[in-house]
Amino acid sequence: MTDPRTAPAGTDVDAAPVLATAAANAPSAQAGAGRRSFLPRSTLLRHLILLVVGAVLAVALLELTDPFTNSQLAQVAYYAIAAGGLTVLTGLNGQISLGHGALMAVGAYTTALFLQADEPWPLPLIFLVSIAVTAVVGAIVGVAAARLHGPYLAGATLALAVGLPGLALYFRDTLGGEQGLRVRAPRPPDWFREAISTLSGGSGSTTKWLAYVGAFWLLIAFFLLANLARSRIGRTWRAVRDQEVAAELAGISLAPWRVLAFVVSAACAGLGGAVLAVVVRLAAPSAFTLVLSLALLTAIVIGGLGSLFGALIGSAILVFLPPWVTDLGTSAGLNGTKAAQLAPFVYGAVLVLAMIFAPAGIVGTLRLRLLGLRARRAARAGGG
Amino acid sequence: MRQFVNVTLNGLTQGMIFAAFALALVLIWRSTRIVNFAQGAMAAATSFIALALIHSGQSYWVALVVALASGLVLGAVVERVVIRPVEGGPELNAVIVTLGLFVAIEALIAIIAGSSFQSFPAPFGLQGFSVGDGRIALTPNGLFIIGSVLVTMLLLVGLFRFTRLGLAMRASAFGQEVARLLGVRVGRMLTLGWALAAVVGSLAGLLIAGGGLVHPAYMDSIIVYGFVAAVLGGLDSPIGSVVGGLILGLLLSYVSGYVPRGSGLVNLAALVILVVVLLVRPGGLFSSTTSRRA
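As you go down the protein sequences, you meet chains A and B in turn.
Residue numbering for the first sequence follows our numbering, beginning at 1 and increasing consecutively.
Residue numbering for the second sequence follows our numbering, beginning at 385 and increasing consecutively.
Chain B extracted, bound-state conformation:
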């Protein structure tokens, strides 16, 4: 029973990170119909910026804010410079461009910061809370992860629901031509969408790095998990991506917790889940319409 609780708590904490990362993918997909495979590398770049600041003596919080801000800039620059020329073109070209970015950014990190493993500090304790005569797998840092992802999501919901800017962004995602006719600067909205998504992706990267080891490729498997979570939720729905992230976090946690030597199978389990979802419910678990087919 204790193990079940711990595995579940672990899964929920991981799931929140997957959810944030999936949310970043969904934000970009909704506005530009591109899956940003460079998201993980971009997040890794900002965590290395944070790490450099921490090593130079700044506090974790300063590093966090600077990293998120640099994520914002990076997202905007990437959209404006390399994505804009392939937007609206054949979908394969956009996929290849984001993959190229992914390889180039990771290599650039390795050239600047080296490819060795470095430890990344966590803002809060990594010891589980005591309950009764033992400790459970929920840590203060885990609470911070869950809390910051929830706050980010509420901020995004607020932005999209209650501000003019959010309305304009939704309009550009819904119909570019119509939005443009109504006076929305669609290009700027797309840039802003990528920038916001990069911030959310960077947050996911920083959260998963906290208390662990980072190296240039540490986000590689997170891209897969984020993509699987986003597809679980239908790739189009922000709420779906959050639920998808939590479900995936729990499932993967059960695989690594209960299957003997299961930690080696986690990536494979994600693949199996993805294939099953794509074959059985290509529109995602919560799709109400059958109009979209994968």
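One chain only, chain A, in its complex shape:
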């Protein structure tokens, strides 16, 4: 399966992926027994606690910030949902996808179409339908992708990212062509307004409601993904990523597991797209260009391949970095449109630099440092 010529002889092919995906290989709680006594041993319980902590943090963050930051946090939520799916695919399973922007488009258009009805279904139901539709598309792509690797897979998914938005132009009557579909933002329900006014005395505006919707789905998605990554499924994905032959010898058939990873990842992209559609209130081809797919890739590489927390950090960088860099550009004398290009320039440069100097990303590099520190301390304790 693996072509020996893909790597020149004499280089250590196996050591490097371990480094690049260091963020994906978190030591389990059992391995650090005795050290992490403040968190329970049970994975489910540990993740439930993290979920509650995350929810509290999200509410605090949304209540303490102004409406504009609220809408930025909603952006972080939909980027992070999609990036979380991508980091599972790339970091845990070793499959790259440049087509996740297109998969987000599938979710966004599905949500937009369903919200156009005179009496639309409840929002959670529409989101679930969007997830299902995108998962089906992901299964089709995944079946093709399971037989490809590395550059071939990158090229095929690149073609998907460039090709799929063409459908919106071709089916102009239903999908709205270049202008796209306007999305009627769902109104916040009454209980939400009351809850917000008792909680912080603020007003439960639509912006705030959508930010809460994004945060809710982000927490759910990350909770499910984190459990999946620590389960038998996650371990099998890692085995398929690292040692194809050994995995096959252990009775794992590679293709179905790869397809499953793609389906899960696509479902997340679909959910991310659905949240995007209601937050942005528009589903248009110009929002789902190749740049979006590459931005998602940037997010997971910066954060650390395979780490959900890294995907969240990366998504936050994607949202909060561009305004800052653009301001820097305009104050340096660039005009608006040129300054707006500084952000993608930084993404690209960061992708290159990260891969050369810190392929493990933020989370992975920190984790490697921590492990090294612990090992040294343990060695010192053992020696002395």
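Don't take every hint at face value.
[As the list claims (entries may be wrong)] Simulated pairs of lysine to any residue, SDA-like, Cα-Cα distance not exceeding 20 Å:
| hint | chain 1 | residue 1 | chain 2 | residue 2 |
| --- | --- | --- | --- | --- |
| 1 | A | K338 | B | I495 |
| 2 | A | K338 | A | V350 |
| 3 | A | K338 | B | A497 |
| 4 | A | K338 | B | S499 |
| 5 | A | K338 | B | L492 |
| 6 | A | K338 | B | S500 |
| 7 | A | K338 | A | P322 |
| 8 | A | K338 | A | S286 |
| 9 | A | K338 | A | T289 |
| 10 | A | K338 | B | G498 |
| 11 | A | K338 | B | H599 |
| 12 | A | K338 | B | F501 |
| 13 | A | K338 | A | T326 |
| 14 | A | K338 | A | W324 |
| 15 | A | K338 | A | A287 |
| 16 | A | K338 | A | D327 |
| 17 | A | K338 | A | A349 |
| 18 | A | K338 | A | L328 |
| 19 | A | K338 | A | P323 |
| 20 | A | K338 | B | A601 |
| 21 | A | K338 | A | F320 |
| 22 | A | K338 | B | A436 |
| 23 | A | K338 | A | V325 |
| 24 | A | K338 | B | Q502 |
| 25 | A | K338 | A | L321 |
| 26 | A | K338 | B | L435 |
| 27 | A | K338 | B | I496 |
[Claimed, not checked] Over the 10 Å line for every Cβ pair with chain A, so calculated as not near, a few chain B residues:
| hint | residue |
| --- | --- |
| 28 | R386 |
| 29 | N390 |
| 30 | A436 |
| 31 | L452 |
| 32 | Q502 |
| 33 | S514 |
| 34 | M537 |
| 35 | F546 |
| 36 | G596 |
| 37 | P622 |
| 38 | L635 |
Keep in mind that the hints were calculated from the coordinates and are not lab data.
We put the CB at the ideal spot given by N, CA and C, even for glycine.
Chain B: place on chain A using the hints.
Coordinates of chain B only, in the frame set by chain A:
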């Protein structure tokens, strides 16, 4: 019948450009086992250099030569500075590096030259030759495109077949360790390979820009077409990439010429062709061995 001839001629002209671009990808793949997704952005950068020269009053030909030369330098610098550290590592890292370059170069072009559409002059006429009582889709510029791609290919064949340098480059692509033992400076050969590929890619970019509009992202879909063409030919064979480019050019031209509203479907058609080829003949249309699997 007339439409069929015109669509075919269009397809052949386009196909020659795809072939040149695919050839650039194949040159790099053969030597370093990396698909250079930044190829399109690099080509766009050199066409903007050419455009700047033309706007400052230079002739098209001066601009063409300078652009190709800058492509040579750009290719060498890129290989030496950012590709060398990830060469031979995990294939995903190299892919991500070329993608990062792709985004960064395109953004840099937009920062320097602006992201608006600008017209790019063509060296020859864009009116089709008259045959009988009408015009056909073959233009003097189209002939120039076909001719310059053919000349480039012959030069490359000559280089690889008949010179010591070409032999050394083939040796480094075939087996780095063995070539190094025999005294070939493999590192330099790889740099030269990237530089040559960047020249061919730049040529494709300049040819497709001629008589049309350019903007920083104008090569985006060409990367996809070039990649599809290269995979059609097996990604390993220069001849295969040329044939793949011509086949793809014809197929896409038929899609946009005969399918109603087909121009919106061209990118999607390229995707379908790619997936079918990868699933049915992953080694490319002309693979004789089954040893390589995609």
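query = Against the structure shown, which of the earlier numbered hints fail to hold, in ascending order?
reply = none
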